Each structure stands twice: as C-alpha cells, then as structure tokens.
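Chemist: Sequence:
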Amino acid sequence: MQGIEEEIELAWIYVLLAAIVEVFWVIGLKYSSSIIEWIGTGIVIVLSFYFIIKACEKLPAGTVYAVFTGSGAAAIVLIDFLIFDAEFSLAKVFFIGLIIVGVIGIKVTTPDEEPATKGGD
Numbered sequence: 001m002q003g004i005e006e007e008i009e010l011a012w013i014y015v016l017l018a019a020i021v022e023v024f025w026v027i028g029l030k031y032s033s034s035i036i037e038w039i040g041t042g043i044v045i046v047l048s049f050y051f052i053i054k055a056c057e058k059l060p061a062g063t064v065y066a067v068f069t070g071s072g073a074a075a076i077v078l079i080d081f082l083i084f085d086a087e088f089s090l091a092k093v094f095f096i097g098l099i100i101v102g103v104i105g106i107k108v109t110t111p112d113e114e115p116a117t118k119g120g121d
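Per the numbering used here, residue 1 is the first one in the sequence shown, and the count goes up by one each step.
Derived by calculation from the structure, the hints in this document are not laboratory data.
Be aware that a few hints might be false.
Stated by the list, open to error - Below are the DSSO-like pairs computed for lysine-lysine, each with C-alpha atoms no more than 30 angstroms apart in a straight line:
hint, residue 1, residue 2
1, K107, K54
2, K107, K92
3, K58, K107
Stated by the list, open to error - Quick list of the computed label-pair ranges, beta carbon to beta carbon:
hint, residue 1, residue 2, range
4, P111, V46, 27 to 35 angstroms
5, Y50, S89, 17 to 25 angstroms
6, A91, Y65, 32 to 40 angstroms
7, K30, E6, 21 to 29 angstroms
8, I79, G102, 14 to 22 angstroms
Predicted model, so just to flag it, every value in this text is computed and none were measured.
The C-beta atom is built at its ideal place from N, Cα and C for all residues, glycine as well.
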C-alpha cells in the first residue's frame with residue numbers, strides 16, 4: 001500500500017513541476033526573439049507536457065489539468081506583478097486567491113488511490 005501512496009505523491013510532484021515549467025514557456029512565448037530562445041521555449045513546452053502525462057498515469061486527467069492550469073496561471077500573474085511590472089489591483093489578487101483556494105480544494109478532495117483500470121486488468 002505504501003508503494004501506491006508514493007506513486008500518488010510522485011504524481012503530485014509531476015503536477016507541480018509541470019506548473020513551474022509552464023511559467024517558463026509562457027514567458028518564453030512572450031519574450032523569445034531568436035531561434036535559440038524559440039527552440040528553448042519548445043523544449044520547455046514538451047517537458048511541461050511530459051510532466052502532465054506522467055501525472056495523468058496516477059491521477060485523474062481532469063484534476064491534473066485543473067491544478068496545472070490554475071496554479072500555473074496564478075504563478076504567471078504573480079510573476080507579472082513582481083518582475084514585469086504588470087498593473088497591480090486588489091481585484092486581481094482576490095481572483096488569484098480564488099484560483100489557489102480552488103487548486104487546494106481539488107488536491108484535498110482527490111482520492112489518494114490509483115484509478116481503476118478498464119477491462120478488469
């Protein structure tokens with residue numbers, strides 16, 4: 001049973017890594033100007049989707065996608081505020097908070113067991 005729990009924890013780490021890597025490729029899409037930067041952005045996109053695929057092996061795809069997009073979007077907006085001098089507003093902070101609460105809620109309500117396989121395997 002401990003092995004399954006470790007696999008589930010690893011799957012959540014993959015989701016976290018995918019969200020972190022998403023920040024880099026989104027920034028790359030906005031700021032890449034040379035072929036090397038575009039190639040790097042492409043590699044990071046592939047890496048991000050690799051992490052999503054690995055997470056979906058042990059977690060429901062809907063959960064993985066919701067947590068990935070929500071946490072990645074929140075991180076990107078925060079980085080825009082802190083690094084790229086985007087316009088700050090309390091409304092944006094409030095809605096980022098809602099995204100974070102939603103991501104935590106999805107994590108807490110996702111069962112810590114491997115989904116059943118089809119076909120009676």
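Chemist: A separate judgement is required for each hint: does it hold in the structure or not?
Modeler: Taking the hints in turn, this is what the structure says about them:
{"no.": "1", "hint": "K107 / K54", "result": "holds, 17 angstroms"}
{"no.": "2", "hint": "K107 / K92", "result": "holds, 23 angstroms"}
{"no.": "3", "hint": "K58 / K107", "result": "holds, 13 angstroms"}
{"no.": "4", "hint": "P111 / V46: 27 to 35 angstroms", "result": "holds, 30 angstroms"}
{"no.": "5", "hint": "Y50 / S89: 17 to 25 angstroms", "result": "violated, 35 angstroms"}
{"no.": "6", "hint": "A91 / Y65: 32 to 40 angstroms", "result": "violated, 25 angstroms"}
{"no.": "7", "hint": "K30 / E6: 21 to 29 angstroms", "result": "violated, 37 angstroms"}
{"no.": "8", "hint": "I79 / G102: 14 to 22 angstroms", "result": "holds, 19 angstroms"}
Hint check: violations occur at hints 5, 6 and 7; the rest are consistent with the structure.
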